[in-house]
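Q: Position 17 (the sequence shown) corresponds to 45 in my numbering; numbering is contiguous.
Worth flagging that the hints you see were computed from the coordinates, not collected in a lab. None of these values were measured; they are calculated from a predicted model. There could be a bad hint or two in this list.
Listed next, the in silico DSSO-like pairs over lysine-lysine satisfying Cα-Cα at most 30 Å (straight line) [unchecked claim]: (1) 93 to 146; (2) 200 to 210; (3) 108 to 200; (4) 200 to 146; (5) 108 to 88; (6) 210 to 146; (7) 88 to 146; (8) 108 to 93; (9) 210 to 108; (10) 146 to 108.
What follows is a set of in silico ranges between Cβ atoms, one per label pair, in the way DEER data are often shown [said to hold, decoys possible]: (11) 60 to 151: 48 to 58 Å; (12) 71 to 50: 16 to 26 Å; (13) 67 to 143: 14 to 24 Å; (14) 178 to 115: 19 to 29 Å; (15) 89 to 151: 16 to 26 Å; (16) 189 to 50: 45 to 55 Å; (17) 208 to 51: 48 to 58 Å; (18) 139 to 55: 38 to 48 Å; (19) 160 to 51: 32 to 42 Å; (20) 46 to 139: 45 to 55 Å; (21) 189 to 69: 29 to 39 Å; (22) 61 to 171: 14 to 24 Å.
Beta carbons: idealized from backbone N, C-alpha and C, even for Gly.
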Amino acid sequence: MALDDAGAESRLLALVPELRNRIYRYTLVEPTPIRVGVDAPLPTEPGMLRVCRQIRAEAKAIYLKENTFDFEIPGFNIAKYLRWSRLSRAHRRSNVKLTMHATVAPPQNWQNLLVWLKAFSDREVRARPGTGPNAAAFWLVAAHMHAFVYRARDAGNLSWEEVETSLECMRKIAAVSDPAWKT
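Model the full assembly from the supplied sequences, consistent with the hints where possible.
A: This is how it looks when you write it as structure tokens:
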């Protein structure tokens, strides 16, 4: 039988991996998204992931990929989500949903959006705005800006400064139809 950190035999680790994975899913996967509010701290890892190195190695991906982490993004401010993504590569690859607060006008948040776009360009974050049927107009503009950054990043022929200049032009075009985009 496998031994845990205290030297005692672990009955959990003695089980076949398939059964352990079922137990991990039962204890770690939430039926609803794990909400990360604006004023809330980052989610702490469940105690199960702190039992021993082997359990952590086997179960961490289940926790991060099979749960949905719903980050509130007020005014395009991704500071909390960016901290989460920087914790580890596994965190960057986790299943993240972003909730936008449409009550804050975009011009106050242009710099926040640029920080997000730069982090996306640098592959520090994966999540980007959705374009669902209920998305606010400025959320859709931000989604198209992310799509542009994605294509520019993968083409590899533009510096961030060139991308930023193009984004500024896109912001001005958006301001023609929505004055909220003006600075």
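Q: Decide, hint by hint, whether the structure agrees.
A: Right, here's what the structure says about each hint:
Pair hint residue 93 plus residue 146 holds up; C-alpha atoms about 24 Å apart against a cutoff of 30 Å. Between the alpha carbons of residue 200 and residue 210 the distance comes to roughly 7 Å, so the proposed pair stays at or under 30 Å and holds. As the CA atoms of residue 108 and residue 200 are separated by approximately 28 Å, the hinted pair is consistent with the 30 Å bound. Note on residue 200 and residue 146: the hinted pairing holds, with a Cα-Cα distance of about 19 Å set against a maximum of 30 Å.
A hinted pair counts as satisfied when its Cα atoms are at most 30 Å apart, and residue 108 with residue 88 qualifies at roughly 20 Å. The straight-line distance between the Cα atoms of residue 210 and residue 146 is roughly 20 Å, inside the 30 Å bound, and the hint therefore holds. This hinted pair checks out: residue 88 and residue 146 have alpha carbons roughly 28 Å apart, not beyond 30 Å. Pair hint residue 108 plus residue 93 holds up; C-alpha atoms about 19 Å apart against a cutoff of 30 Å.
Straight-line distance between C-alpha atoms of residue 210 and residue 108 comes to about 26 Å, which keeps the hinted pair within the 30 Å bound. Restraint check for residue 146 and residue 108: the C-alpha separation of about 15 Å stays at or below 30 Å, so the hint holds. Checked against the hint of 48 to 58 Å, the pair residue 60 and residue 151 fails, with Cβ atoms roughly 29 Å apart. Restraint check, residue 71 to residue 50: a C-beta distance of roughly 23 Å satisfies the suggested window 16 to 26 Å.
Separation of residue 67 from residue 143 is about 20 Å and conforms to the stated range, judged on CB atoms against 14 to 24 Å. In this structure the hint that residue 178 and residue 115 lie 19 to 29 Å apart at CB holds, the actual value being about 23 Å. The hinted range of 16 to 26 Å is satisfied by residue 89 and residue 151, whose Cβ atoms lie roughly 19 Å apart. The hint said 45 to 55 Å for the Cβ distance between residue 189 and residue 50, and at roughly 51 Å that hint holds.
For residue 208 and residue 51, the hinted distance range of 48 to 58 Å is satisfied, since their beta carbons lie about 50 Å from each other. In this structure, residue 139 and residue 55 meet the distance hint of 38 to 48 Å, their C-beta atoms being roughly 41 Å apart. Between residue 160 and residue 51 the Cβ separation comes to about 35 Å, which falls inside the hinted range of 32 to 42 Å. A C-beta distance of roughly 49 Å is found between residue 46 and residue 139, which places it inside the suggested range of 45 to 55 Å.
Taken as a hint, the range 29 to 39 Å holds for the pair residue 189 and residue 69, whose Cβ atoms sit roughly 35 Å apart. Between residue 61 and residue 171, the C-beta spacing of about 20 Å keeps the proposed range 14 to 24 Å intact.
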